[in-house]
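The task is simple: from the sequences and hints, build the whole structure.
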Amino acid sequence: MHSLPILFGKGGRPFATGMAPYLDRSPEVPPTDPRIYLEVQPGTLPCPVLALVDTAAPWCIFTPAIGKILQESFEPESKSDVRLSTRLGWYWGRLYRGPLTFPVLEGEPMEIDATVFLSAEWPGDNFLGYEGLLQRMRFAIDPRVNRFYFGHLE
Amino acid sequence: MKSGAALRLDSFSPDDSQGATPESFLAEIRVALEANRVAEALDLAKRAAVLFPDHADVQRTHRVLTPGRSHSIPGHRIPDRRDSFQWIRENAERYKRQWIAVLGPSLVAASPELEEVLRILQEAKLEEAPVLMFVA
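These protein sequence lines map, in sequence, to chains A and B.
Heads up: the first sequence is residues 1 to 154, going by this note's numbering.
Heads up: the second sequence is residues 1 to 136, going by this note's numbering.
Don't take every hint at face value.
[Unchecked claim] Pair by pair, the computed Cβ-Cβ distance ranges are:
{"#": "1", "chain 1": "A", "residue 1": "V145", "chain 2": "B", "residue 2": "A27", "range": "47 to 53 Å"}
{"#": "2", "chain 1": "A", "residue 1": "K10", "chain 2": "B", "residue 2": "A124", "range": "43 to 49 Å"}
{"#": "3", "chain 1": "A", "residue 1": "E72", "chain 2": "B", "residue 2": "R82", "range": "33 to 39 Å"}
{"#": "4", "chain 1": "A", "residue 1": "V29", "chain 2": "B", "residue 2": "N36", "range": "19 to 25 Å"}
{"#": "5", "chain 1": "A", "residue 1": "P31", "chain 2": "B", "residue 2": "R82", "range": "23 to 29 Å"}
{"#": "6", "chain 1": "B", "residue 1": "I120", "chain 2": "A", "residue 2": "W92", "range": "31 to 37 Å"}
{"#": "7", "chain 1": "B", "residue 1": "L126", "chain 2": "A", "residue 2": "P31", "range": "35 to 41 Å"}
{"#": "8", "chain 1": "A", "residue 1": "L105", "chain 2": "B", "residue 2": "P67", "range": "25 to 31 Å"}
{"#": "9", "chain 1": "B", "residue 1": "I120", "chain 2": "A", "residue 2": "G11", "range": "47 to 53 Å"}
{"#": "10", "chain 1": "B", "residue 1": "D57", "chain 2": "A", "residue 2": "S73", "range": "16 to 22 Å"}
{"#": "11", "chain 1": "B", "residue 1": "A136", "chain 2": "A", "residue 2": "W92", "range": "17 to 23 Å"}
{"#": "12", "chain 1": "A", "residue 1": "K68", "chain 2": "B", "residue 2": "Q18", "range": "41 to 47 Å"}
{"#": "13", "chain 1": "B", "residue 1": "Q18", "chain 2": "A", "residue 2": "E121", "range": "34 to 40 Å"}
{"#": "14", "chain 1": "A", "residue 1": "D142", "chain 2": "B", "residue 2": "D54", "range": "48 to 54 Å"}
Hint data in this document are derived by calculation from the structure and do not stem from the laboratory.
We put the beta carbon where it would ideally sit given N, CA and C, even for glycine.
Rendered as structure tokens:
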């Protein structure tokens, strides 16, 4: 599919081909915590779910309830669990590969083959991490109107 | 700090495995992952994938860790979420540890169980996709 840019970078080159609104967290949330919620539709989940954009996290992490759905179609990295350090502490789980789709208000939706960490013990929210996902896309925000722009790397 | 298979293969050559085995690579990758040394884990996975092209576990680990590609896809359009996000800001706190689905300015479903919310959404046959959120 030929992507038409909706945001341009230096020299008029395409930067973003899709845009979605984002929700920012309340001011009561500690300033060291991620603040931007973006909609993402992982695997076969029938509708998009809000996940926190976290460039400090290496992998995407989803709640156990979503993990249970994703494990049916995502490919596991290994046959045994690995113990990973997260912002909420150490958790046993597995790394998986599967598609995450970013729906749009304008432009073209984007799907990325992401690496996600799924743990039955995970007590927190859904997160979009850096090495496993965000590093594979260009993105920018407009905080004046809470818009998240994204585009392909190549 | 590199160790084990990574140390032995600092001057990497596909013909020079220096006695490293798929199991030793996988063990080193695990150590790197648990230490959040993601770049090292990926480097080890790449090397192992070249050395052991027929080893299923090595190839799977390489596939899962290698950064994925993106592509545009059709569909997946969402409405303007201003009303929904405003509802969430004002009301989500009342639904702690629950899944909520909001469309426009209205709550469509709420439950501690995701399956129940998804069942309600399926029965509702909504024309637009609601936004789903876990109130942590």
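- Message: Output the indices of the hints that this structure fails to meet, ascending.
- Response: none
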